[in-house]
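Visitor: Each chain, written out:
Protein chains: 2
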Amino acid sequence: MASGSSVRIAVDAMGGEGAPTVEVEGAVGAVRESEGRVEAVLVGREDDIRAELEKHDHDGLPISIAHASEVISMGESPATAIRKKRGASVVVAADLHARGEVEGLVSAGNTGAVVASSLFGLGMLENVRRPAIASMFPTIDRPSVVLDVGASIDSRPSDLLTFGAMGDVYARHVLGRREPRVGLMNIGEEETKGSELTQAAYKLLAESRMNFVGNIEGRSFLQGKADVVVTDGFVGNVMLKLVEGVLDILTSALKGPGAHQDFEMLRSQFDYAEYGGAPLLGVNGVVIIAHGSSSAKAIKNAVKVAAKFVDTDLGGKIVDRVSEASVTNG
Amino acid sequence: MASGSSVRIAVDAMGGEGAPTVEVEGAVGAVRESEGRVEAVLVGREDDIRAELEKHDHDGLPISIAHASEVISMGESPATAIRKKRGASVVVAADLHARGEVEGLVSAGNTGAVVASSLFGLGMLENVRRPAIASMFPTIDRPSVVLDVGASIDSRPSDLLTFGAMGDVYARHVLGRREPRVGLMNIGEEETKGSELTQAAYKLLAESRMNFVGNIEGRSFLQGKADVVVTDGFVGNVMLKLVEGVLDILTSALKGPGAHQDFEMLRSQFDYAEYGGAPLLGVNGVVIIAHGSSSAKAIKNAVKVAAKFVDTDLGGKIVDRVSEASVTNG
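Keeping their order, the protein sequence lines are chains A and B.
For the first sequence, my numbering begins at 57 and goes up steadily by one.
For the second sequence, my numbering begins at 57 and goes up steadily by one.
Do not take every clue at face value.
Put simply, identical chains are the same to the list, so a pair is met inside one copy or across any two.
[Unchecked claim] Listed below are the simulated DSS-like cross-link pairs for lysine-lysine, each with C-alpha atoms no more than 30 Å apart in a straight line:
| id | residue 1 | residue 2 |
| --- | --- | --- |
| 1 | K140 | K259 |
| 2 | K111 | K297 |
| 3 | K141 | K353 |
| 4 | K281 | K297 |
| 5 | K249 | K140 |
| 6 | K249 | K141 |
| 7 | K373 | K141 |
| 8 | K297 | K141 |
| 9 | K111 | K373 |
| 10 | K259 | K353 |
| 11 | K281 | K141 |
It is worth saying that the hints were derived from the structure and are not from the lab.
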């Protein structure tokens, strides 16, 4: 989409823990701050959404409602839920996106359901077999992006190569990193270390045109030795929840007076509200997964991130980069 | 070995970063504090060890030296190193153990070389296909033991069942936990979540006689929801280095005045010096892997832990428990 025109983003208004209150407030904020560049389509129970909208001054703002009668809760099995609840807000949002009525979607709902409905509704980008959720992680330097953190389990080596290419594009065009350093999460520095998966993925990444910096271990990861860290979704999800958990414990432990600046720096790097959620890369569309406990600010930023993805044609850039990576590797 | 008689432990004197100084000091300390119950055999370059021994009052203490001319460094490939350096201290120590001249060994050297020389020299316990390194992790409750943290990559479901049985024995007889709660590291609470490996392992663990508490995620892990957490060595090693890394960063960040009691509690739970290292479970012998940066106190405690393993016949108890687990699962 050419810069200057407006971008339509669907917001799953029934998704997160604070739904629909924070979703509506966040969407209104994003539309207002974009000065009309961003249009929001709030997806969910019309009455509930309308009641929330009443709380805000939204006169003249390009905000509409797409009714969806059902809600998928956090505990539901994603595959079953999206089959049975065709009227669920996230399914309706993905359908709107698939039909071209919006150019991106944001949801703070059940992550598995967001992934499943996006896969089902949008399909994959050319040459991408499986999608990846890209999440920011704190380091002592600047944040690194890790992918996948939970969309694709039991990946193949070629999937990790694709994740590298998608992470490279994300780091360049969203984070503004030049020649992003792409690393492979592993349990040793040497090429021969690790599982069958990582050993094979190492070879593919080393032969690619990416700025591959080799294996990354837990410590070098936290020292910010790579901009992009590639891993299977199982390992990435364990990492995500472990680091979240440690920071949660320490946040409550370290409350009170005293300037724990370095800790605050780490903590703020992990602030979903700032990043506005994690993109689901590889699907044929723009999907931003916001944290289940998102604030209105987080939703607002997620909508802005979705619009930025549309503006920069991140999907097209991913297709180019992935095809380059595959060609280089025969 | 009957309680009351003495226990002979080999200490790889050339292993860690502070070798042989901390190894000799630690071994002398363990022998002295055991009042002769523990005998130490220091394995490594005789002249170097003798020079270190001169610094301590060791008159009358049952400490001997077994000469080993070579050293395997931290960066060497374990498989190659133990093949080429048959005179390496860790290989000689494993040989002494295999010949029955000692009943256990402690090394702070190259972990892969300790694992490889132990496997090669000692072989496996009955019905154990692959070994596991069991490491203590901090939680907000009390420490949990995670296994495997790096000995066995690309595990099978039955390996994870065995790790559960070995962790159960360790938690009962070394940590003193009654009916230890055994959990499976996974990326969701439900039975159907996770990789092919964890889904299959879930079934085996659920059918076993262990006190299986189901899937454990990063957050519930840190809340101490399980005494024993079972995982493939790749994931466990990533977890170990990530938590080590976070605590390292925060230790330097949080230096200075102020009582960060909860942080100190977490940190101290992760103190290798207190635990004296991580046991390599499943091999037909007693092998304690101390941290590469072990202090003399850590080595001392590692030697005591090795002696305790011998005294409680942990290997025999593991064989019983593993066979029970296999029988229950057909």
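Visitor: With reference to the structure, classify each hint as holding or not holding.
Guide: Hint by hint, here is what the structure shows:
1. K140 with K259: between (42 Å within a copy, 27 Å between copies)
2. K111 with K297: neither (35 Å within a copy, 48 Å between copies)
3. K141 with K353: So K141 and K353 pass the 30 Å test inside one copy only (29 Å; across, 61 Å).
4. K281 with K297: both (21 Å within a copy, 15 Å between copies)
5. K249 with K140: Close across copies (19 Å), not inside one copy (44 Å); limit 30 Å.
6. K249 with K141: between (45 Å within a copy, 20 Å between copies)
7. K373 with K141: neither (34 Å within a copy, 51 Å between copies)
8. K297 with K141: within (28 Å within a copy, 42 Å between copies)
9. K111 with K373: neither (40 Å within a copy, 66 Å between copies)
10. K259 with K353: neither (42 Å within a copy, 42 Å between copies)
11. K281 with K141: neither (44 Å within a copy, 33 Å between copies)
The structure shown violates the earlier hints numbered 2, 7, 9, 10, 11.
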